[in-house]
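Protein chains: 2
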Amino acid sequence: MRLLGKEEIENIAIGAALLGTGGGGDPYIGKLMALQAIEEHGPIRLLDPEEVPDDALIVPSAMMGAPTVMIEKVPNGEEAIAAFKSLEEYLGKEIYATMPIEAGGINSLLPLALAATLGLPVIDADGMGRAFPELQMVTFYLEGVSATPMVLSDEKKNSLLLNTIDSVWAERIARTATIEMGGSVMLAIYPMEGRVVKQSAIKNILSLEEKIGAEIRAAKKENENPVDRILGLTAGRVLFQGKVTDINRKTQDGFAKGTATIEGLNDNKNEECKLHFQNEHLLAQVDGRTVCVTPDLITVLDSDTGMPITTEGLRYGSRCTVIGMPCDPKWRTEKGIEVTGPRYFGYDLDFQPLEELHLVKEEI
Amino acid sequence: MRLLGKEEIENIAIGAALLGTGGGGDPYIGKLMALQAIEEHGPIRLLDPEEVPDDALIVPSAMMGAPTVMIEKVPNGEEAIAAFKSLEEYLGKEIYATMPIEAGGINSLLPLALAATLGLPVIDADGMGRAFPELQMVTFYLEGVSATPMVLSDEKKNSLLLNTIDSVWAERIARTATIEMGGSVMLAIYPMEGRVVKQSAIKNILSLEEKIGAEIRAAKKENENPVDRILGLTAGRVLFQGKVTDINRKTQDGFAKGTATIEGLNDNKNEECKLHFQNEHLLAQVDGRTVCVTPDLITVLDSDTGMPITTEGLRYGSRCTVIGMPCDPKWRTEKGIEVTGPRYFGYDLDFQPLEELHLVKEEI
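Protein chains in written order, with my numbering: chain A, 619 to 982; chain B, 619 to 982.
There could be a bad hint or two in this list.
A pair counts as met if it fits within one copy or between any two copies, since identical chains are not told apart.
[As the list claims (entries may be wrong)] Below, a list of computed lysine-lysine pairs in the DSSO-like style, where the Cα atoms sit at most 27 angstroms apart:
1) Lys953 x Lys775
2) Lys774 x Lys953
3) Lys703 x Lys816
Because the hints were derived from the structure by calculation, they are not lab data.
Start from the sequences, fold in the hints, and give me the full structure.
Structure, rendered in structure tokens:
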């Protein structure tokens, strides 16, 4: 157990946005929520997964909806508490701790804010090790853990308790309800025992986010380029550098879907990188050649500051560096690829690990 | 208290379809469900509202969805029990009785089938005295009773518990969830105490349905036209007689919406009647002149048999008689008109009682 204060929150917010691969919500809003909760209630206890009792009830918390909507509809914190309390009452057992289900500016920080407010610890783990757009895209799902009973709450105080036959149905019903409820809601989801967290979660991810954020901030202070430090921590590679020349973005079916085009500037002046996203970046191609694809991570960094840019933060003219990072090995299994691989999202190509795609380029 | 056996069910199914004004579900399916439940579990106890203890917990049951979908997706009975049991558990109090929320081929009969299966009594009352397409269109809503906590269950065993700030939000969220869940679901809804039923329900409506059905069947047996008998029981009037020449029907936003055109045959050969429906018939016009409009009741009868025809049962060439019937006085209040009047459904006209519209015609 260690305590997270304001400094740690600043770092986690940056690292979470980076692993959020363009989605997971605006890091500024997430950070403010967590900082305010710490201000009021004191620092947050962060537990290593191994410290959690096997029979303790763990309930992850998250925001669901298109990030484009989340920005205009800032949560007031009450929704998350309502969802959490309502699920606790339904399960008839005290909740021992919460945790994120994904990495992202809001979705890594919201559980921290909630934990501070409720005086609960947070477990240093999540269910993706990155961000993904759908609820069944968590390592818990790969191990057969059910998303339900889960609770959705909105800022108007509407609340839904779902019991579905599987997590794909949970996603379908929750997604349409979310759209009707104004485009974003708070979730208390994937209730599970401590033993299941130890077995199926992606561990020490908040600590990794914190390290990434700390390196980026240190580099900034020292006027250094942070990209190399990031690649060192994440085993990542630079995929492309250039200037955003086109963004095509729409909010559809509760998702922010679109493409971004980045043109090369110097050595790669005649090259073009295309990013395809659905809340998160899912496919990066350079001149039509795939350089990184889901479930591996694609993140856009500001070329000057090294700060991660969310898909909704992409602006025409921005100088940016696109990096790719290998996903957790749990995602590279047959089931993992089936649930989060390119074919699930409608791209007619097989998953290839970032490392291999990179090799191909070097061979050419 | 009296017992309802097979004979009573046969009658109620017909009368319910007639008051269902074209909606409320297919009477054949509803009847089969109730008859089968009686076959297995014995007759159903029907309680007069005055017999219900003030503090007893009453939970109405209903099917939600477009009637066009209900026909293809016959409920197996398990969904309704699941919804009912789940709400009972959530409320932590034993349910004393159930009742319909609306009149209709399925929605009057489903609570009877459920009651037989669970060994519960049914209250001789509902919340509309007719059928309406939306969940807040019940007399309980006029008196401030909340639709939630409510439970939706589908045949796949998905279930949702809703707690909303008002019944309009319950309608919105439940409707989109219903569409996602396949177009129809079972509801346990508007939980309330016995005292509230006595105050806000439309009373003795199942008995009225039974009387109407008995008259239609008796007339058939005696080879008489039942229309006059129906008008006598419902204070109704004949609006038009003719032949269906056009039907325009689509399932949209979870509703069966459309228009039907009926052309006159003998005395009224050059006249045309147009019916506008959204699950239920809402507006009847003869040569562009309004002859009956929601919340007053519009029902289409088979001209030969006097049997009510649902909107999805309307066929090109059918000989039919359109009748109008005054709604319950609760609907003719300012709030009642606001919730169920023509302007709510997008028709640019004020509500006028059937009796007055009829007078106008006689003056001309």
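Structure-based check of all given hints:
1. Lys953 x Lys775: For lysine 953 and lysine 775, the Cα distance is within 27 angstroms only across copies (25 angstroms; inside one copy 37 angstroms).
2. Lys774 x Lys953: This pair counts as between: shortest inter-copy Cα distance 24 angstroms, intra-copy 38 angstroms.
3. Lys703 x Lys816: within (24 angstroms within a copy, 34 angstroms between copies)
Violated hints for the displayed structure: none, as all numbered hints are satisfied.
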